[in-house]
Amino acid sequence: MTTTITARETDAFIGIGSNLENPRQQVLTAIERLKKLPETHWQGVSQLYGSRPQGPQDQPDFVNAVAWVRTGLLPLALLDALQDIERTQGKVKKRHWGERLIDLDVLLYGETVIDGPRLQVPHPFMTERDFVLLPLLDLKPDGCMPDGRSFQELADRVSDVFVKPI
1 MTTTITARET
11 DAFIGIGSNL
21 ENPRQQVLTA
31 IERLKKLPET
41 HWQGVSQLYG
51 SRPQGPQDQP
61 DFVNAVAWVR
71 TGLLPLALLD
81 ALQDIERTQG
91 KVKKRHWGER
101 LIDLDVLLYG
111 ETVIDGPRLQ
121 VPHPFMTERD
131 FVLLPLLDLK
141 PDGCMPDGRS
151 FQELADRVSD
161 VFVKPI
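Note that my numbering numbers the sequence shown so that position 126 is 126, with each residue one more than the last.
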């Protein structure tokens, strides 16, 4: 299925995470950079959350948040802008699901579903991760996935005692 997207403002939710070199500050720096994205209006950010790592456990805990923007950027242009922020902050991917100086992910882009080689939206693992769902609930308590499942319903299914507001 091919989805045609025109350049109009679309609500997008961006996952933010870090577990290296002062993770809280890395997340806050990324937030300030997100506020300056072209063709994009800042809507808000969740509180910060601490979480255990997914995958390899021999790494520090993460600081996570979700940002909400209204953007005129098309999905791949938004992804490119996020990757520019990651590069600016010095991101180096060491291993799959490993430690990150900064990680920015397009979680949702309106009601759009994308299954491409560079970008999958909704983010393929977001429905399994409290450190994504709890921040989403901060921003949109009545929010839903494109398939109609509510953020609250999904969060209730994956409750993790290791995700805490900080």
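Some hints could be false.
What the hints assert, rightly or not - Under the rule of at most 30 Å between Cα atoms (straight-line distance), these lysine-lysine pairs were calculated in the DSSO-like manner:
1. K140 x K91
2. K91 x K36
3. K94 x K35
4. K36 x K94
5. K93 x K35
6. K164 x K94
7. K35 x K91
8. K164 x K35
9. K164 x K91
10. K140 x K36
11. K93 x K36
12. K36 x K164
13. K140 x K35
14. K164 x K93
15. K164 x K140
Stated by the list, open to error - Label pairs and their in silico Cβ distance ranges:
16. P38 x I114: 13 to 23 Å
17. V113 x R70: 15 to 25 Å
18. Q43 x P146: 13 to 23 Å
19. K36 x Q57: 34 to 44 Å
20. H41 x S159: 28 to 38 Å
21. F125 x D61: 15 to 25 Å
22. K94 x G148: 32 to 42 Å
It should be emphasised that the hints constitute simulated quantities derived from the structure, not laboratory data.
Only a predicted model underlies this, so the values are computations on that prediction, with no experimental measurement involved.
We put the beta carbon where it would ideally sit given N, CA and C, even for glycine.
Going down the list of hints, with the structure as the test:
no.	hint	in the structure
1	K140 x K91	29 Å, holds
2	K91 x K36	19 Å, holds
3	K94 x K35	27 Å, holds
4	K36 x K94	28 Å, holds
5	K93 x K35	24 Å, holds
6	K164 x K94	26 Å, holds
7	K35 x K91	19 Å, holds
8	K164 x K35	25 Å, holds
9	K164 x K91	25 Å, holds
10	K140 x K36	22 Å, holds
11	K93 x K36	24 Å, holds
12	K36 x K164	28 Å, holds
13	K140 x K35	19 Å, holds
14	K164 x K93	25 Å, holds
15	K164 x K140	18 Å, holds
16	P38 x I114: 13 to 23 Å	21 Å, holds
17	V113 x R70: 15 to 25 Å	19 Å, holds
18	Q43 x P146: 13 to 23 Å	18 Å, holds
19	K36 x Q57: 34 to 44 Å	35 Å, holds
20	H41 x S159: 28 to 38 Å	33 Å, holds
21	F125 x D61: 15 to 25 Å	18 Å, holds
22	K94 x G148: 32 to 42 Å	37 Å, holds
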